[in-house]
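Chemist: Given chain A, work out where chain B should sit, using these hints.
Given next are the chains, with one letter for each unit.
2 protein chains.
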Amino acid sequence: MIVRDLAKEILTERRVDSDGWSSVRLLLKDDRMGFSFHITTIHAGAELHMHYKNHLESVFCMEGTGSITDIATGETHTIRPGVMYALNKNDKHILRADAGAPMMMACVFNPPVTGKEVHGADGAYPADAALENSA
Amino acid sequence: MIVRDLAKEILTERRVDSDGWSSVRLLLKDDRMGFSFHITTIHAGAELHMHYKNHLESVFCMEGTGSITDIATGETHTIRPGVMYALNKNDKHILRADAGAPMMMACVFNPPVTGKEVHGADGAYPADAALENSA
Numbered sequence: 036m037i038v039r040d041l042a043k044e045i046l047t048e049r050r051v052d053s054d055g056w057s058s059v060r061l062l063l064k065d066d067r068m069g070f071s072f073h074i075t076t077i078h079a080g081a082e083l084h085m086h087y088k089n090h091l092e093s094v095f096c097m098e099g100t101g102s103i104t105d106i107a108t109g110e111t112h113t114i115r116p117g118v119m120y121a122l123n124k125n126d127k128h129i130l131r132a133d134a135g136a137p138m139m140m141a142c143v144f145n146p147p148v149t150g151k152e153v154h155g156a157d158g159a160y161p162a163d164a165a166l167e168n169s170a
Numbered sequence: 036m037i038v039r040d041l042a043k044e045i046l047t048e049r050r051v052d053s054d055g056w057s058s059v060r061l062l063l064k065d066d067r068m069g070f071s072f073h074i075t076t077i078h079a080g081a082e083l084h085m086h087y088k089n090h091l092e093s094v095f096c097m098e099g100t101g102s103i104t105d106i107a108t109g110e111t112h113t114i115r116p117g118v119m120y121a122l123n124k125n126d127k128h129i130l131r132a133d134a135g136a137p138m139m140m141a142c143v144f145n146p147p148v149t150g151k152e153v154h155g156a157d158g159a160y161p162a163d164a165a166l167e168n169s170a
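Chains as they are written, first to last, in this note's numbering: chain A, 36 to 170; chain B, 36 to 170.
It is possible that some hints are incorrect.
Now the in silico label distances, taken between C-beta atoms and shown as ranges [to be verified]:
#1 N123(B) <-> E48(A): 14 to 24 Å
#2 P116(B) <-> E48(A): 18 to 28 Å
#3 D52(A) <-> T47(B): 31 to 41 Å
#4 G109(A) <-> T111(B): 44 to 54 Å
#5 K43(B) <-> G109(A): 19 to 29 Å
#6 R67(A) <-> A42(B): 26 to 36 Å
#7 T111(B) <-> D54(A): 40 to 50 Å
#8 V38(A) <-> D54(B): 18 to 28 Å
#9 P116(B) <-> R115(A): 17 to 27 Å
#10 T111(B) <-> T47(A): 20 to 30 Å
#11 G150(A) <-> E48(B): 33 to 43 Å
Here are a few chain B residues that sit away from chain A, every Cβ distance over 10 Å (derived from the structure) [unchecked claim]:
#12 E48
#13 D52
#14 G80
#15 L83
#16 N89
#17 P137
Since the hints were derived computationally from the structure, they do not count as laboratory data. Even glycine gets a Cβ: it sits at the ideal position worked out from N, Cα and C.
Next comes chain A alone, as it looks inside the complex:
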């Protein structure tokens, strides 16, 4: 059994900070669960253009409000606590947090993130490989 506490792990290398978001990876590939599990904070007012070409991701909103736009369909969905979206088609999307407060999200990635990826210029994590900070 693995037991981890967000309050502690946020102070370790499991925490990654990027432009507009930060994330604490509570489970990574080497935990051998077959998925990774991240608690991700989207900064208030952030607008993130993302495209995970190599991963399926589900995102459950625990705190905060915002929206997600599905680039393929042009549809925009409101995000608030209790709303989940799943990028079952590796959907290219824009995620926005409303001004005033961050959004806190529980995220699942399949295949699991290794922890060594960085978002490329194309908004994707690379496919799993022995990557160091390559972008």
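Modeler: Okay, now just chain B, sitting in the frame of chain A:
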């Protein structure tokens, strides 16, 4: 892209109620994400003896407090918001919610739950098969 709202899905067949807990399955096997994602409420004061022999599960506590005992080691861990446990060894365990308030948990199962399983007398979900309510 799949978008689902807990406030709506709690009124559908995605919600299952059992002794000491209820769960809303926001993602199931047929969503083809490779995992299932459930928001599960553990009733205040409940003590649940569980053993998922056929699934790995991670559980992130969003609300409430309680404890989990790992039967193999005898260790008991406190659960409060921000604590995650992962049953990476199909760990037999006892989950308790403190009296006074329920615990609300974000749960991931691999392989994904189909939605047709019920907990057997042994505290497990059966392996994936064309099961109807068999226990």
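Chemist: Among all the numbered hints in the text so far, which are the ones the structure does not match?
Modeler: Failing hints: none at all.
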